[in-house]
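Once you've looked at the hints, dock chain B against the given chain A.
Listed in order, the protein sequences are those of chains A and B. With the numbering used here applied, the first sequence covers 249 to 766. With the numbering used here applied, the second sequence covers 249 to 766.
Any given hint could be a false lead.
[Said to hold, decoys possible] Taking lysine-lysine and the BS3-like style, the derived pairs with C-alpha atoms no more than 25 Å apart in a straight line are:
#1 694(B) with 547(B)
#2 547(B) with 547(A)
#3 547(A) with 262(B)
#4 492(B) with 262(B)
#5 547(B) with 262(A)
#6 694(A) with 487(A)
#7 694(A) with 547(A)
#8 262(A) with 492(A)
#9 678(B) with 750(B)
No lab work stands behind these hints, which were simulated from the structure alone.
There are 2 protein chains.
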Amino acid sequence: MELTQALRRAALLKGPQLALEFDGEQFTWSAFADRVARLAAAYRSLGMGPGDRVAVLAVNSGRYVEQFFAPLWGGGMMVPINTRWSVPEMIYALEDSTPVLLVVDAQHSHLVSDLLKGAPSIRHVILAEPQGEGELLDYEALIAEAAPAPDAGRGGDNVAAIFYTGGTTGRSKGVMLTHDNLFFNALAGLSNLFFHPNTVHIHTGPLFHMAAGARIYTTTVAMGRHVVVPGFDPLTVLKTIQEKHVTHMVLAPTMLNMLVNHPDFQDYDLSSLELLSYGASPMAEALIRKIIELVPQAKIVQSYGMTELSPVATSLSPECHWPDHPLFSKVTSAGQPIFFCDVRIVDEGDQDVPRGEIGEIVVRGPNVMKGYWNKPELTAEALRGGYMHTGDAGYMDEDGFVFLVDRVKDMIISGGENVFSAEVEDVLMKHPAVLECAVIGIPDEKWGEKVHAIVRFKAGEAAGSDDLTAHCRSLLGGYKIPRSFDFWTDPLPQSGAGKILKSELRKPFWDRKDRGIS
Amino acid sequence: MELTQALRRAALLKGPQLALEFDGEQFTWSAFADRVARLAAAYRSLGMGPGDRVAVLAVNSGRYVEQFFAPLWGGGMMVPINTRWSVPEMIYALEDSTPVLLVVDAQHSHLVSDLLKGAPSIRHVILAEPQGEGELLDYEALIAEAAPAPDAGRGGDNVAAIFYTGGTTGRSKGVMLTHDNLFFNALAGLSNLFFHPNTVHIHTGPLFHMAAGARIYTTTVAMGRHVVVPGFDPLTVLKTIQEKHVTHMVLAPTMLNMLVNHPDFQDYDLSSLELLSYGASPMAEALIRKIIELVPQAKIVQSYGMTELSPVATSLSPECHWPDHPLFSKVTSAGQPIFFCDVRIVDEGDQDVPRGEIGEIVVRGPNVMKGYWNKPELTAEALRGGYMHTGDAGYMDEDGFVFLVDRVKDMIISGGENVFSAEVEDVLMKHPAVLECAVIGIPDEKWGEKVHAIVRFKAGEAAGSDDLTAHCRSLLGGYKIPRSFDFWTDPLPQSGAGKILKSELRKPFWDRKDRGIS
Numbered sequence: 249m250e251l252t253q254a255l256r257r258a259a260l261l262k263g264p265q266l267a268l269e270f271d272g273e274q275f276t277w278s279a280f281a282d283r284v285a286r287l288a289a290a291y292r293s294l295g296m297g298p299g300d301r302v303a304v305l306a307v308n309s310g311r312y313v314e315q316f317f318a319p320l321w322g323g324g325m326m327v328p329i330n331t332r333w334s335v336p337e338m339i340y341a342l343e344d345s346t347p348v349l350l351v352v353d354a355q356h357s358h359l360v361s362d363l364l365k366g367a368p369s370i371r372h373v374i375l376a377e378p379q380g381e382g383e384l385l386d387y388e389a390l391i392a393e394a395a396p397a398p399d400a401g402r403g404g405d406n407v408a409a410i411f412y413t414g415g416t417t418g419r420s421k422g423v424m425l426t427h428d429n430l431f432f433n434a435l436a437g438l439s440n441l442f443f444h445p446n447t448v449h450i451h452t453g454p455l456f457h458m459a460a461g462a463r464i465y466t467t468t469v470a471m472g473r474h475v476v477v478p479g480f481d482p483l484t485v486l487k488t489i490q491e492k493h494v495t496h497m498v499l500a501p502t503m504l505n506m507l508v509n510h511p512d513f514q515d516y517d518l519s520s521l522e523l524l525s526y527g528a529s530p531m532a533e534a535l536i537r538k539i540i541e542l543v544p545q546a547k548i549v550q551s552y553g554m555t556e557l558s559p560v561a562t563s564l565s566p567e568c569h570w571p572d573h574p575l576f577s578k579v580t581s582a583g584q585p586i587f588f589c590d591v592r593i594v595d596e597g598d599q600d601v602p603r604g605e606i607g608e609i610v611v612r613g614p615n616v617m618k619g620y621w622n623k624p625e626l627t628a629e630a631l632r633g634g635y636m637h638t639g640d641a642g643y644m645d646e647d648g649f650v651f652l653v654d655r656v657k658d659m660i661i662s663g664g665e666n667v668f669s670a671e672v673e674d675v676l677m678k679h680p681a682v683l684e685c686a687v688i689g690i691p692d693e694k695w696g697e698k699v700h701a702i703v704r705f706k707a708g709e710a711a712g713s714d715d716l717t718a719h720c721r722s723l724l725g726g727y728k729i730p731r732s733f734d735f736w737t738d739p740l741p742q743s744g745a746g747k748i749l750k751s752e753l754r755k756p757f758w759d760r761k762d763r764g765i766s
Numbered sequence: 249m250e251l252t253q254a255l256r257r258a259a260l261l262k263g264p265q266l267a268l269e270f271d272g273e274q275f276t277w278s279a280f281a282d283r284v285a286r287l288a289a290a291y292r293s294l295g296m297g298p299g300d301r302v303a304v305l306a307v308n309s310g311r312y313v314e315q316f317f318a319p320l321w322g323g324g325m326m327v328p329i330n331t332r333w334s335v336p337e338m339i340y341a342l343e344d345s346t347p348v349l350l351v352v353d354a355q356h357s358h359l360v361s362d363l364l365k366g367a368p369s370i371r372h373v374i375l376a377e378p379q380g381e382g383e384l385l386d387y388e389a390l391i392a393e394a395a396p397a398p399d400a401g402r403g404g405d406n407v408a409a410i411f412y413t414g415g416t417t418g419r420s421k422g423v424m425l426t427h428d429n430l431f432f433n434a435l436a437g438l439s440n441l442f443f444h445p446n447t448v449h450i451h452t453g454p455l456f457h458m459a460a461g462a463r464i465y466t467t468t469v470a471m472g473r474h475v476v477v478p479g480f481d482p483l484t485v486l487k488t489i490q491e492k493h494v495t496h497m498v499l500a501p502t503m504l505n506m507l508v509n510h511p512d513f514q515d516y517d518l519s520s521l522e523l524l525s526y527g528a529s530p531m532a533e534a535l536i537r538k539i540i541e542l543v544p545q546a547k548i549v550q551s552y553g554m555t556e557l558s559p560v561a562t563s564l565s566p567e568c569h570w571p572d573h574p575l576f577s578k579v580t581s582a583g584q585p586i587f588f589c590d591v592r593i594v595d596e597g598d599q600d601v602p603r604g605e606i607g608e609i610v611v612r613g614p615n616v617m618k619g620y621w622n623k624p625e626l627t628a629e630a631l632r633g634g635y636m637h638t639g640d641a642g643y644m645d646e647d648g649f650v651f652l653v654d655r656v657k658d659m660i661i662s663g664g665e666n667v668f669s670a671e672v673e674d675v676l677m678k679h680p681a682v683l684e685c686a687v688i689g690i691p692d693e694k695w696g697e698k699v700h701a702i703v704r705f706k707a708g709e710a711a712g713s714d715d716l717t718a719h720c721r722s723l724l725g726g727y728k729i730p731r732s733f734d735f736w737t738d739p740l741p742q743s744g745a746g747k748i749l750k751s752e753l754r755k756p757f758w759d760r761k762d763r764g765i766s
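Isolated chain A (complex conformation):
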């Protein structure tokens, strides 16, 4: 399978119909496919060869959606860069993936000179805006001047995109997802998320994340309509749903919460909504009830997975969200394995644990990544025995529902973003005053969890919260920076093996054991 086939098919079957809307611009499927074919030709003439990378650093836009196809159409791959990263983090991903082209938007063009210093592989930088500016290549001029290239037809097991994800080792890893990986995820989504040719999908989440990015492919395979907004802003989303008759949406529960609690919520007509899907963290029962009350016609579906799974592994169906349905007892679960996923719960020796017992969740299927870019050892470790080791702890009940109980990987999910504690701890330890530290997630009304640091200083030394915060900000993306600090004088509690016992540290903040949070 080629992901570009979905675009070719939509252009063939729905050529004159609207495919993509963003900020007043509208493109039909014919125009969309034509622009992608021209961009692909331009990228090739700028030096993109088979398998070469095109990095993208931008907030959501119609032009970002085109990056999900144009590099692939030309035989290359896309590498989306997290806009929330610090410059050193961006440079790390660019050095690692060695793209030949960089596509940026106006919001990020000021970073280009710094990025180019650290990433010499980049030959050209393209400004993805309606008009050109400065020395960067003009996106629309490239399109206008190129003749459409034929689809390179590079599909199947070839990598389509590299999505960077946080890592327990303190450095992010490039997850290689193939055309087949992403096409399978789209096919499952058609059925589990009730996509159809009249679907109108609003893309609100950052497209450099798989949770939002994968929907570009699902919507295209379904031949639905893409409606893009720059990012999540409750009022913009409400307005857009009403104006564009949006049917499908994916949001983190924290964002859904902001949406339904917005004071102007009742002013908007949301009767077009058919499907609300969420992931990243559990949804409170009160929020579910509120959504059902406010948009009773909309189905609610939870997806659980990770970038390495393209990204969905389990799905919690609409019935499980209906308070009067017998399956409502499963609402605290992450749902059941999707069609082609073998999901097992295993012990440290990769042996199945009995049903109901806690172990690590491992997944096999055609949606499992090809591997980590440039990291054969980490790949072999993650995929040992043919199963992706999620690092999440959980159990499976007698009906095959998977319940997450903790993260084997020490990860915090804050507003839908994954923060790996080890990465933040590494940075704190670089501060000259810090002797030891632990970073944990603690409850937060708005973001689900927030990053909290417990720090012990060297004898005779100290630093304030502001100092530590500034130190972190110089090296980490904003969402990773601790929002609060505790300063200890006693040693942090350790296990017999000398590991800090984070469960002890978390206890005072969490009064009950909950999904994904302990």
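Here is chain B on its own, set in the frame of chain A:
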């Protein structure tokens, strides 16, 4: 992908729930998977090695459904045999596919000694009935005595089944379908046919045909319930829909017609029906209106394809069957290409013809067969340029709907069965009195088309219809035997190249050019 994964998943997620019902027998998903695992072990102990074939000659039953998994679970393949064939035709397929095991039901056990003479590869014959009989191996004893085998995990590009299909060369061909081929078809079906975990599918069509057989996999991937009836009998089907709350059904239009025109139709509660799908031939508008009147809650979907496409290539959505919908203008089409199918209309040089012009329909996608068993040259010819050449002539309109206008291959579709004229003509030519002949399809109220032969005898010789019918019956399956004859004394009309002009012969029987029939 392994097709057996679908069964493993259903057993994991819905173990204690009903999976399969047939003739008073009921099996849960756990029991179904356990029986398949035991059968697989038994087949292996009887000599089935990796890639070995298990032939099946039976009418529909629960045990037939188990054949869609047990050989695969053990690492082998299934070869269904058409029960409507003559013994020489059956022997041809058995000689060609060289199975090590043959599974028969009581209705066909009297043929075993003849078949074994012609097919020496068969080492054991198993009687697929609740109780044993005579010298054949007892199916239930095999299950009871075997320990469950682990799934061989032979999936992906490995062949799962060989389905025999008629050929223009006068001999049937074994179509090799892989695990991936059939899994992709099932995934598309989930969405296009609105399958869900509460689907109850009645299997009425003969399972040795892909049109019915593929639904075994779709239903299993969806974790729906299989309800099996021995064959199509209108009253049994009506009763079963009511009793088992059937939601999904696939029928040829001729059978749908018999169903809705059955005098007792109104006595049955068919309110559970959600989806009626059909293929093989177009549906008359009057029939569509009648169905909508009688079962207004049911969606109607047409699928077009062929065995070589696992089997679906295009799908005509429910809206296209609603007389008040703008898309009703497409109801005479075969629908649009399904998600992963590239469908093109090409000329004799495999070049695209302009939209709206007639050419041969060719298809590329992950559902295209691996090839014809033992026939590398026919395979290369059929799959030239990477596209399956369907042999069907048609055009694509500006909205991507495919209209069939004729068959490039000279084929008659009678009651859902494909009859290749060349095969019947070959047999007629073996009769000592026949000088030349042509076999065509002519209109038939009940079966859509019926097989009609035009025969010219050698000088001074002749034969009656009865004599020719008996001659055909000795060599051909019943559905291929001409139902009527015309005897000519003049030469049959020929083209400049010396080919009989069948279009001329068909004209008097058909007053309008219609889909699939000219």
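Open item on the list: For a C-alpha distance cap of 25 Å, please report whether residue 262(A) and residue 492(A) respect it.
Closed with: Holds, at roughly 18 Å.
Open item on the list: Tell me if the straight-line CA distance from residue 547(A) to residue 262(B) falls inside 25 Å.
Closed with: Holds: residue 547(A) and residue 262(B) sit about 23 Å apart, inside 25 Å.
Open item on the list: Given the hinted pair residue 547(B) and residue 262(A), is their Cα-Cα distance within 25 Å?
Closed with: holds, 23 Å
Open item on the list: Run the distance test for residue 694(B) versus residue 547(B): straight-line Cα separation, threshold 25 Å.
Closed with: Holds, because 24 Å separates the two Cα atoms, which is no more than 25 Å.
- [ ] Quickly compare the C-alpha distance for residue 547(B) and residue 547(A) to 25 Å and report which way the hint goes.
- [x] holds, 20 Å
Open item on the list: Given the hinted pair residue 678(B) and residue 750(B), is their Cα-Cα distance within 25 Å?
Closed with: holds, 20 Å
TODO: Would you check the hint for residue 694(A) and residue 547(A), treating anything up to 25 Å between C-alpha atoms as holding?
DONE: holds, 23 Å
Open item on the list: So if I understand the rule, the pair passes when the alpha-carbon distance is 25 Å or less; does residue 694(A) with residue 487(A) pass?
Closed with: holds, 22 Å
Task: Given hint residue 262(B) paired with residue 492(B) - CA-CA distance at most 25 Å - done: Roughly 18 Å separates the two Cα atoms, so the pair holds.
Of the hints listed earlier, there is not a single one the structure fails to meet.
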